[in-house]
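Chemist: Chain residues, written in single-letter form:
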Amino acid sequence: MATRKKSLLKVIILGDSSVGKTSLMNQYINKRFSNQYKATIGADFCTKEVIADDRVVTMQIWDTAGQERFQSLGVAFYRGADCCVLVYDVTSPNSFKNLDSWRDEFLIQASPRDPDHFPFVVLGNKVDMDNRQVSTRRAQQWCQSKNDMPYFETSAKDGTNVELAFQTIARNALAQEAEVELYNEFPDQIRLNTDRNNRNGNSDNCQC
Amino acid sequence: MWIHPKEILIPPAFWVDEMRSKYFVLQKRRGHGESRSFTSLLVNTLDSVWDTKPPPYRILHQTPKSEVYYEIAIGLTQEEIVKDWEWLAENLFKVLNEMESEEEITNFTICKIQSLNAQNNQDESDESANFKVSASKFQTLFEMPKEERLVNTYACTYVKNKIPNQGNLYISLNHICFYSYMLGSETKRVIRFAELEDIKRHGQIIYLKTVNNMHYNFTLLKDVKEAYGLIEQLNKMAIQQLIQDPDSPIVDHDASVFQRFGRKASNKPGLLRDLTARQKSEEYRNYFRLPQTEIIDGQIKANIWTPYAKRYVGGNIYLSRNFFCFRSDVIDLVSLVIPMRNIKSVEQKNDGPHRYDNQIVLLTAENVHFVFAQIVDREVLVEKISELLSQFHVPISRERAKYDISWSKQSALMNSFKTNLSAEMLKIQEQKLSRWESHFRDFGRGISMFRTTDVINLIVEGIPDKLRQEIWLLFSGAIHEKDMNPGLYEDLVEKAACIKHSSTHDEIDRDLHRSLPEHAAFQHADGIGALRRVLQAYALRNPQVGYCQAMNIVSSVFLLFCDEDNAFWLLASLCENLLPDYYKDKVVGAQIDQSVLNELVETYLPELHSHLDQLGIIRMISLSWLLTIFISVIRYESALHIIDCFFYDGAKIIFVVSLQILEWNCEKLLKCNDDGEAMEVLSRYLDGIYNPEYRLPPQSDKQKPETQPIQTLIHEAYTNFGAKISQQKIEELRNKHRRLTIRQFDIDNENTIVKFHADNMYFDREELHLLLTIIREEKSTPRKVLQQKAHSALGGESPILLPTTATGRSAGYAENNCSRSESYSVDFDTFRALFHELTPWRNCVSIDLAEKLFRLTDKKSTGSIEFSQIINALGLVCSHKYTEKLKLLYILHLPPLLSKAEIEHVRRPKSKAKEDAEEAIEAEDFFGDDPSESIEALPSPTDNNFDEDDYALITATKHLHSLAGLSQPSSSTAGAINGERSSTFYVDLPRQHGTPMDVARSQNGASGSTSDLIDNGLRHQGRFESTDTFSDISDLGAVKVTPPQLNVETISNFSQISDLIMATRVERTDSTTDTKSLGSLRYLLDQPDDGNAPNKNIPNMKKANFQFLWRSLMEIIGEQDEDMRKAYENLLELGNNNMKKEISLDSFTQLNLGNGDEPDSNGNPTTPSVESNATTRLFQAYEEELKQNSSTGGTGSSSNSSTDVDSWEISINQFIATVLAVTSIVQCFYMKTPIKENIERMQKNRRKCVITNY
Ligand SMILES: Nc1nc2c(ncn2[C@@H]2O[C@H](COP(=O)(O)OP(=O)(O)OP(=O)(O)O)[C@@H](O)[C@H]2O)c(=O)[nH]1
Ligand SMILES: [Mg+2]
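Chain order of the listed sequences is A and B. Taken in order, the first sequence gives residues 1 to 208; the numbers are from our numbering. Taken in order, the second sequence gives residues 1 to 1254; the numbers are from our numbering.
Read the hints as simulated data drawn from the structure, not as lab findings. Here the structure is a predicted model, which is why all the values come from computation and not from measurement. Hints may contain errors.
To be verified - In silico lysine to aspartate or glutamate, EDC-like type, Cα no more than 16 Å apart, as pairs: (1) B:LYS586 - A:GLU68; (2) B:LYS301 - B:ASP329; (3) B:LYS280 - B:GLU226; (4) B:LYS482 - B:GLU294; (5) B:LYS22 - B:GLU67; (6) A:LYS48 - B:GLU680; (7) B:LYS28 - B:GLU71; (8) B:LYS584 - A:GLU68; (9) B:LYS6 - B:GLU71; (10) B:LYS22 - B:GLU90; (11) B:LYS755 - A:ASP104; (12) B:LYS65 - B:GLU100; (13) B:LYS668 - B:GLU680; (14) B:LYS755 - A:ASP114; (15) B:LYS652 - B:ASP332.
Said to hold, decoys possible - With beta-carbon atoms standing in for the labels, derived distance ranges: (16) B:LYS671 - A:ASN30: 22 to 28 Å; (17) A:LYS146 - B:ASP748: 22 to 28 Å; (18) B:SER386 - A:GLN36: 57 to 63 Å.
All C-beta atoms in this analysis are idealised placements derived from N, C-alpha and C, irrespective of residue type, glycine included.
Please take these sequences and the hints and turn them into a complete structure.
Modeler: Listed below in structure tokens is the structure:
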């Protein structure tokens, strides 16, 4: 059974500019914070092997640009996503307000099979800062109102909750996969799978 | 030709007097007509576009004692000027002689000439008679507005159904039109430039394809090249206009830029000459990297002496207002730019052997000599130059407002934040520097250095740090903008600093530390401050761009090597010239170049392309490459070498390097199975690119493995692809992909809108797509040319900061989607066109139903309605929902939509009231009337000249909008809707009444004891929800109450109700009928689901309105059969009956009618799908009423002969129940309109220019 599961998860990170998407991704991958990242132009990309539900899967994380004029370009990356991470900055109410539009835009452009149950995870980032402006309660309320999306308060700077959040992201993405299985349960999945495995082998060799 | 009289102090020496009178002198330009005609000299193609070229003849006015001459007329030919002279002799000489003072004479003359000049300008007589005929033909044949100017016509053959049609191609600024008249049949085609998707030329054939997939082949035996070039150019202009200002997609030509003196110098039409000049100027500016304002003035063959090679090189001299340029015939062999302000003198030199004759020597301010030889018509060139020199104004720093800002200009950051280079690397820098210095010795230094292929060799090696600023400014052309706008940067910085709250500034601030964080300069306040100033100043200079991420990254690198004002000008030339439209909304320019790159990959790396295309990756990777010139993907000290080449070679270097990167990684990429893998391959490669001459100490502990030196990459890129990809090729591809990209935006946009509206009730996806297409097309028809154009002024004159809304995406999804579909909202004219072309109600001519429907739909009286509203309005009219359609028709004939004033206006010829019996005939008679009268007489909804009636109407409708329930978005819950509804009762009730709970309660009660409830309801002073229960009486079959009983029980209560109604009405407005709840009628459009719901909200109709309603009905159906006639008489009768029981029935009708909101007998809400139910219910109500009428009215209606029109009225249900019994009406209204066919027919008509006036 396990071999039937896809072992590549595509995760896409959305949110306003400078809420900390790139920093979160790098904190998760490299376990450290750096204030030396440039603003993301177009999109960035990282992979990481994770263990979720006792399986090793490759997580492909796409970090997109946040400025509005790039929004229409993100569309190319949305397709085939298994999980969408919505990030806002707890010190910026605007970035919180815009989550709605990020979410809707994702749903309409990615057209997931089952929009009501597509896994989103919401991250309120920069909780290490003391000029917080969006209350936990408000964020939680909003998440609940949208099909109870999981919500985490993170800090890319000190690493708070980052690991936990991405674990949840991986698990929810996998769950989504499992559901998809129910629809198309047939062998091309297996072929795909072997390809992926080979690929993973390769990439490990090259990665230094 | 008379001109506006101009004062001339001392007439220059190169004029000779030809004729003289006491007060006038006719002069000829020296040298004119002696050897070659003046106009043939400088240029052939551009012969008449010089804004500075003086015509060869002129007439001056001067009084003997005056020092001042006035130039009053000019002429291109002797004939022309003599004509003017003769006019003077005939009309002025005598008059002037009789005058006394010289002052008087001069004043009179000037006055006279001014008025002559004004007259001449009116009939724009500069075009040939032939062309004028064509132009007016063009306007009539294709119904083009006057503003749409014809450029030229071409004889041509258009093959349609294999039959060649011989005719003419009319090319105007926005359209290509074809017309032929053969064997008695006309063929017309109209194509907009903006809708072209493909333009090709094969020999004599021009092939066009539009976005609607229409193909056209035009064969031109003559001038095919000119026509093709023109089509390409105008298409490019149309698309650029779309990018520049999508709201006004009409190309206009600003002739003032090309002030023309030379008339009739060429037989080409003026506009064509202007366009040619425009095209040439663009090429000229692009090649020499000159400012956008330079208009080419002339071109002349000459040889240049190249001291470094000690020989002459053939080429052309180009002149424009501020520059003297030279370009060799051999591509890139040598070119030269000399700013006019640097020219100290021009001399003719006549020694030397034949080869060197006709020389001129140009001396610059730096005392450098440039020698040109074999110049045809040297005198004119010299004269021309001296003229340009005399007109030249040294740009002066404008008076600046003082700001309370203290700042100092940051010099190149590399000076204060030195990189520690090893001795070896410093040596490399020194060696480079000395190579450059020797180059300067040979080729000159500064703007006017000889630009040869030698310099590109130096640049490819990497410019030494110390020279970067100088070379970048020079080759980018930024230096010219800087020189022409002294003080502008400082001014912008200070203005920007005074802006307090700006979201643009917030965005900039967020990115300051994320630009080049690895460099020490940007970890320091100096670097950050300079970067902030540059970005803020630029946002202020160019509000259309504002601030786009990626600008911060390139600017920070500029700041390392340049002083901050120079960095600013480099950024400006990047945004405005070198990377056109890159940083605009949607980074459209970069998207276009992504497509260009994609095509280049397809051409040169076909195998790789098909693989990458599958992965869909080229677009993902290339965006940051383009927007940041690789700085965001390659370490900056390596990317610098690409930037060095970039300023010399433009976007070409980005393309060739991109191709080289892909080629280098080809094998690995071919092995990739998904986009992520390919991304990794590339980023690993790019991370490893290094610069051996500039090795910085490792940044982080985790050093990336080196892959390739940047020098190798650039070198191989040029070797492999440099020769294949020319600037011209890039431009061609850009033109093509500009079209396609803009088209793709529309497609994406429309797809999203369709997705959003997919579950509307009327149209399927395909129909929605078509509807969007036709709206888009309709909005850019020539009629729309008249729309005023808002020019956003580029350039630094009066910069305005980007309005904060552009970035304030505080909106939720709904609003987000709104902005997307904004471009698909329509104004009244467009709506009317759609209504008449697409709906079956176009047959209705007496009443302008389009106008009524538009008013009903346009809730906020904004003069435009949104796409979702269009769906509902047109959808209903085109649907098969016959009951709703009839209701809508009824509503459209109610006041205030159909006002008393309007009725009276239409009826005026027959103002006398007729006998009832004659009414039906009268209604038919109206057919004979001229319907246009009624339509024209009405104010259009966008018209501002409302008379009082209209004003009342507007306020009334406005008021009605504010009534609850109607402006609720459809997403509101059913409960809310019910609640709102019950309070939007016929008479407005206070909000707090009629919550759904109340209604439910009272309804429950209704089944118990009716009379109790009535009392109860009324005791609650206007708790009108109780009246809902009245309708229950007829609907809930459970309680059968006979009318007399009810009557006895409640008659007094009814009058109470109506008193209340009256009171409310009076309070609200003095008009008794016009303010009725039209707003509440909108539910029909807003919630068509509940179509059969609250008929109770719809007021009764007066006789006059009803007659019009009937007339419309007849017009829609097209005839009146016996059944209809009967129905009409029945309704008239019903109206009479209603009248007799005035008060009680008036209110009763309101109460008695069906209501879909209420639960059915089982207490379940009735669903809209139960349509038959609704109909039967209507009949029940109708019968009920009839019973009432006969019982309470007593005597028969026929005895009533006093026609009191004011109290005649029928209710909606009476109307509907009656007409539903007529088969022909039901059949007609049940028919669904084939919207798809109608739209396609409409498109076809537009293409063929079948003109319909609505
Ligand atoms: N204090 C604090 N700062 C953070 C945190 N996360 C990110 N930042 C800072 O916030 C800024 C923006 O972070 P990025 O990760 O570049 O933001 P982004 O969302 O990738 O932005 P775009 O690429 O423009 O879409 C940087 O200066 C980070 O150093 C955090 O958790 N705490
Ligand atoms: Mg980022």
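Chemist: Determine for every hint whether it applies to the structure shown.
Modeler: Hint check results:
1. B:LYS586 - A:GLU68: 8 Å, holds
2. B:LYS301 - B:ASP329: 10 Å, holds
3. B:LYS280 - B:GLU226: 13 Å, holds
4. B:LYS482 - B:GLU294: Given that 16 Å is the threshold and the Cα spacing comes to 15 Å, the pair holds.
5. B:LYS22 - B:GLU67: Distance ~15 Å between LYS22 (chain B) and GLU67 (chain B) Cα, so the pair holds.
6. A:LYS48 - B:GLU680: 12 Å, holds
7. B:LYS28 - B:GLU71: With a Cα-Cα distance of about 13 Å, the restraint between LYS28 (chain B) and GLU71 (chain B) holds, given a limit of 16 Å.
8. B:LYS584 - A:GLU68: 11 Å, holds
9. B:LYS6 - B:GLU71: With Cα atoms ~5 Å apart, LYS6 (chain B) and GLU71 (chain B) stay inside 16 Å; holds.
10. B:LYS22 - B:GLU90: Holds - the C-alpha atoms of GLU90 (chain B) and LYS22 (chain B) are around 14 Å apart, at most 16 Å.
11. B:LYS755 - A:ASP104: Answer holds: LYS755 (chain B) to ASP104 (chain A) is near 12 Å, not above 16 Å.
12. B:LYS65 - B:GLU100: 13 Å, holds
13. B:LYS668 - B:GLU680: 10 Å, holds
14. B:LYS755 - A:ASP114: The given pair, whose Cα atoms are some 15 Å apart, holds under the 16 Å limit.
15. B:LYS652 - B:ASP332: Status holds; Cα separation ~15 Å.
16. B:LYS671 - A:ASN30: 22 to 28 Å: Holds, at about 26 Å.
17. A:LYS146 - B:ASP748: 22 to 28 Å: Given range 22 to 28 Å: holds, Cβ gap about 25 Å.
18. B:SER386 - A:GLN36: 57 to 63 Å: 58 Å, holds
Checked against the numbered hints above, the structure violates none of them.
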